[in-house]
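Modelling step: build the complete structure from the supplied sequences, incorporating the hints.
As you go down the protein sequences, you meet chains P and V in turn. My numbering numbers the first residue of the first sequence as 1 and each following residue consecutively. My numbering numbers the first residue of the second sequence as 1 and each following residue consecutively.
One or more of the hints may lead you astray.
Computed spacing ranges between beta-carbons, pair by pair [to be verified]:
no.	chain 1	residue 1	chain 2	residue 2	range
1	P	ALA185	V	ALA137	51 to 61 Å
2	P	PHE149	V	HIS92	15 to 25 Å
3	P	GLU172	V	ASP96	27 to 37 Å
4	V	ASP168	P	ASP16	40 to 50 Å
Keep in mind the hints are simulated off the structure, nothing from the lab. For clarity, every value in this text was computed on a predicted model and none was experimentally measured. Beta carbons are placed, not taken as given, at the ideal position from N, Cα and C, and that holds for glycine.
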Amino acid sequence: MNHPLDIVLESSTKRDFIDELKGVPGGERIRDCIQCGVCSGSCPVSYAMDLPPRQIIASIRAGLRDRVLGCNSLWLCTSCYTCSLRCPQQIGITDIIYGLKRVAMAEGKVAGATRAVAMATSFAGQIEKRGRNHETSLLMSYYMKTNPFAMLGMASLGVKLLSRGRMPLTGEKIRGIDQIRAIVAKTREIGGL
Amino acid sequence: MRFSYYPGCSMAATGRAYGESMNAIIGRLGIDLKELDDWNCCGATSYMSVRELLSYAISARNLCIAAKQGMDLVAPCSACFTILRKTDHYLHDNADLRRKVNEALGAAGLSYEPGSVKVRHLLEVAVMGDNLERLRAEVKSPLTGLRVAPYYGCQTLRPRVDFDDPEDPHTLDDVIKALGADVVNYPTKSKCCGGSLMATNEKAALRLCRDILLAAHHTGAHCIATVCPLCQMNLDGFQGKVNAAYGTDFHFPILYFTQLMGLAMGVEGTSLGLGREIVAAAPVIARHGTGPKAPFAGKEV
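The following block contains the structure:
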């Protein structure tokens, strides 16, 4: 979706938005973007994005903070790194999108992305609980947070995986889970997104 | 060659056949893998979206253990490979991140010096040194006539690998050719399968899988070879949903490159985890007269 007739008052922009992302690896080069569009042309999901990668970079520089944090692109990115690989200015676009996701989640600007957020938080829960990701529990947790009935649509695949020994019912827990918990606690203390 | 080995969470579950086939063939190539002691989940793409520092710190715990084991670290899963490798690189490049990650690791009595562990993909190990020569020497029943579409996926090659050309990869082609099979070329061989987008936006992810399957179909390939458990899961487990969504009739067996290696070495199918795939490989393999026919448990689904 483009915004051809959309007028944004300069007073409503956040010109320092770009500074929020300069700590992200690869994010320090956002100002070097030449708007060539190789990122958008290479992205396998840009067709479905309301702000393709090139427009994300332009919007960050224009200070359109709310538009960037509210776009669906953040939750469509598959982290395939094609944009980062091909960027002639070596801008770490994938890592910038990760950074934008974290800001959006921290500020609760995730209205259109409940499923992606549920996946991310379910995953984090797995690691903090056992140190490893038990795929079966991950999906159960994810569907309970989103749409438990959607599990029915997955039942057929689930049965096939189960019968082929690809869906163990119990997960493993690491011995050093206390180390993981200590690391989690310490990073909370250090802060940051 | 000896390496530390990072299995990743899929190897005991959806990617079980990958682990089984790898274990069945790796010794024949003279490669010795020592599992990383008490490894933890790499965090994959999901954790990075929640908290950056934590995700690097959790991933770095594995690198600390690998540094103690004193060998290069091999990851067969492309997502694990990318995360572990990226963590080492970014800690090297970014002093502030390195300081904070080491502060967090310090709470667990650990610390990591970037560059002390070299992270490698299993595909990279397969073509390192004279390993391709060793592989050729181990081939007992060449996969002659089998047309294989090599699928590299995305994170095997990106953001920055040094063992292959990310825009025009050839290492998996080289392995398949060494097995005596025919390699087909197609434009989506390193395009993304969607990864975990399959759970959060199925429609978009199915389209990505369709693009891969369709391009492979046009080459007349009999099967697709993968090097990542998530790619295998999406292309295999969701192939039926692709067919339902797009009115196609794909029935591509999606095999791990290690399974093809095992078949060419004459290893029995069950030891290679054959039969665990959703789209059965047995008909394709039987038609081409490679490998033992009896042990396949898989049925046409």
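For each hint, the structure was consulted:
{"no.": "1", "hint": "P/ALA185 - V/ALA137: 51 to 61 Å", "result": "holds, 52 Å"}
{"no.": "2", "hint": "P/PHE149 - V/HIS92: 15 to 25 Å", "result": "violated, 47 Å"}
{"no.": "3", "hint": "P/GLU172 - V/ASP96: 27 to 37 Å", "result": "holds, 34 Å"}
{"no.": "4", "hint": "V/ASP168 - P/ASP16: 40 to 50 Å", "result": "holds, 41 Å"}
Figure legend: structure checked against the earlier numbered hints; the only hint not met is number 2.
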